[in-house]
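Student: Guided by the hints, dock chain B with the ligand onto chain A, whose structure is given.
From first to last, the protein sequence lines are chains A and B. Per numbering that gives the first Met the number 0, the very first residue in the first sequence carries number 0; after that it's consecutive. Per numbering that gives the first Met the number 0, the very first residue in the second sequence carries number 0; after that it's consecutive.
Note that these hints are calculated values from the structure, not bench results. On a predicted model such as this, the values are computed, not experimentally measured, just so you know. By construction, the Cβ of each residue, glycine as well, lies at the ideal position given by its N, Cα and C atoms. Treat the hints with care, since some could be wrong.
Said to hold, decoys possible - Where chain B lies over chain A, by a calculated footprint (3+ residues, C-beta under 8 angstroms):
hint : stretch
1    : 0 to 9
2    : 332 to 339
As the list claims (entries may be wrong) - Using C-beta positions, here's what the derived DEER-type ranges look like:
hint : chain 1 : residue 1 : chain 2 : residue 2 : range
3    : A       : Y118      : B       : D35       : 22 to 32 angstroms
4    : A       : R44       : B       : A63       : 18 to 28 angstroms
5    : B       : K26       : A       : D372      : 35 to 45 angstroms
6    : B       : V27       : A       : M288      : 35 to 45 angstroms
7    : A       : A110      : B       : V27       : 26 to 36 angstroms
8    : A       : R21       : B       : E34       : 40 to 50 angstroms
9    : B       : E67       : A       : A220      : 24 to 34 angstroms
10   : B       : E56       : A       : R21       : 26 to 36 angstroms
To be verified - Part of the chain B face toward chain A, derived, beta carbon under 7 angstroms:
hint : residue
11   : P5
12   : T9
13   : D22
14   : A31
15   : E34
16   : V38
17   : G47
18   : T61
19   : L65
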Amino acid sequence: MKYVNEYRDGRLARSLAETITRIADPAKHYHFMEFCGGHTHAISRYGIEDLLPANVRMIHGPGCPVCVLPVGRIDAAIALAERPEVTLCTYGDLMRVPGSHGTSLLRAKAAGADIRMVYSTLDAIGIAEAEPERQVVFFAIGFETTTPPTALAIRLAAQKKLSNFSVFCNHVLTPSAIQNILESPDVRSLGTVRIDGFIGPAHVSTVIGTEPYNFFAEEFAKPVVVAGFEPLDVMQAILMLIAQVNDGRHEVENQYVRAVTPGGNARAKAEVAEIFELRKSFEWRGLGMVPYSGLRLKEAYAAFDAERRFGIDYVPARDNPACECGAILRGVKKPVDCKLFGTVCTPETPMGSCMVSAEGACAAHWTYGRFRDHARRKAS
Amino acid sequence: MCLAIPAEVTELLPDGMARVSLDGVGKVVSVALVEDVAVGDYVVIHVGYALTKIDPEEARHTLALLAELAAAPAEGVP
Ligand code: SF4
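Extracted from the complex, chain A is given alone in its bound form (with noise of 0.2 angstroms):
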């Protein structure tokens, strides 16, 4: 595949390894965190860390959207899903998620809720139009790069002055999530994880650019270099990070080049900014209350704003209180410190969200990473 497969050439990525172990200082360690869960599941399925020397460490962050979505908010779209009237849209992603007591979208569904799974906002827009009799909500999820089709619909519906099409919006923001990992409250009753730099997200990036990041490199003095999900562009910013860490440069630095630029996509950001305001607190899955970080519909939209049209009440749910899911988003524990990890909580059967998306952690780690573990246990 073009400008896929050119990006994980083994040979390449042995020898950028071998590049990044000659410029690593071996009395110096270095901690990386990747914000997204596309970085997450390439480390992990491409054994990146295994091509890289002891001291140089990656450290998996909160990026991925299904992960850090609270089970409140879960539960809020299963009780929405339930209504007699109402066809619930999702991204797949989204079925299995554990709401509280065992419940899922899956399940939901099997007991009659009508739940239907799009591969786009458009499609949802088009079950609205084909079944006027229906409420179509769309449950709306994920980073700055699925804000931007969800605006888009929004307009179209209010364009087509479409009547039972609305939005349960969930959009969160890449920065505040950041922001909140490095100085929250939280990060005192969690312990804190050293992080020298940051590996900033791909496509949130080709939406927001890479400006937004600035902040970061200078106000907490650590280097960001925003990257491709492909192997060889994890490893380039590796070493650019590395690079930085030893220069003692703490910059803004674009890896993905081919992909995003300094202010992203402007057509993308006015679309957003023409439908959504900032919210004063979202609750986030592990991270808790982040103020500024989530995303609702303007004034003007209301009419498509599904918590106003079902009056839907928040209310934060706990999560299962075995799940490290809070401490492993911080990156402060990792999957195998976890007491549920592959006994009861498997990708099959996921208790928490980091064993629900492919990009989680916990997920990632299942599928490539425990057979490394045993066969390190063996080797030691």
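Tutor: Chain B with the ligand only, in chain A's frame:
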């Protein structure tokens, strides 16, 4: 969830839509969020929408740089 794939635009359709080819498989997506899309462009597709164009010049550049970094001696990297 945030994964997206590069696809080649093969035909522009009305209402901001386009036909794209993903390794030979055809698909219709929205290109309403990207300016000046032309047939032959590569775009990054996510949940049925093109998010950005891939700059072929920069893509070549990155590959050349990667090859250079992989072969680089201890000094002056990167
Ligand atoms: S193994 Fe399961 S329960 Fe434990 S932290 Fe991961 S997702 Fe949560």
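Student: Are the hints correct? Go through all of them and say.
Tutor: Hints versus structure:
Check result for the stretch 0 to 9 of chain A against chain B: holds, 6 residues qualifying (beta carbon to beta carbon below 8 angstroms, three or more required). Counting residues of the stretch 332 to 339 of chain A whose beta carbon lies closer than 8 angstroms to any beta carbon of chain B gives 0, which falls short of the minimum of three for the stated coverage. A C-beta distance of roughly 25 angstroms is found between Y118 of chain A and D35 of chain B, which places it inside the suggested range of 22 to 32 angstroms. Range check, R44 of chain A to A63 of chain B: about 25 angstroms between beta-carbon atoms, so the 18 to 28 angstroms window is met.
At roughly 38 angstroms, the beta carbons of K26 of chain B and D372 of chain A sit within the given window of 35 to 45 angstroms. At about 40 angstroms, the beta-carbon gap between V27 of chain B and M288 of chain A stays in the expected band of 35 to 45 angstroms. At about 34 angstroms, the beta-carbon gap between A110 of chain A and V27 of chain B stays in the expected band of 26 to 36 angstroms. For the pair R21 of chain A and E34 of chain B, the supplied restraint of 40 to 50 angstroms holds, since their beta-carbon distance comes to about 42 angstroms.
Hint check: E67 of chain B to A220 of chain A, Cβ distance near 29 angstroms, so the stated range 24 to 34 angstroms holds. Range check, E56 of chain B to R21 of chain A: Cβ separation about 29 angstroms, and the 26 to 36 angstroms hint holds. Contact between P5 of chain B and chain A, as hinted, is supported at the beta carbon level, the nearest pair being about 4 angstroms apart and thus within 7 angstroms. With 7 angstroms as the threshold, the beta carbon of T9 of chain B stays out of range of chain A, its nearest partner Cβ sitting at about 13 angstroms, so the hint is violated.
Interface hint status for D22 of chain B: upheld, as the beta-carbon distance to the closest one in chain A is roughly 5 angstroms, under 7 angstroms. At its closest, the beta carbon of A31 of chain B sits 6 angstroms from a beta carbon of chain A; the interface hint therefore holds under the 7 angstroms criterion. At a threshold of 7 angstroms, the smallest CB-CB gap from E34 of chain B to chain A is about 6 angstroms, leaving the interface hint in force. The closest approach between the C-beta of V38 of chain B and any C-beta of chain A is roughly 15 angstroms, which is over the 7 angstroms cut-off, so the hint fails.
Look at G47 of chain B: its Cβ gets to within about 3 angstroms of chain A, closer than 7 angstroms, so that hint holds up. The interface hint given for T61 of chain B holds, since its Cβ lies 6 angstroms from the closest Cβ of chain A, which is under the 7 angstroms cut-off. The criterion of a C-beta within 7 angstroms of any C-beta in chain A is met by L65 of chain B, whose closest approach is roughly 6 angstroms, and the hint holds.
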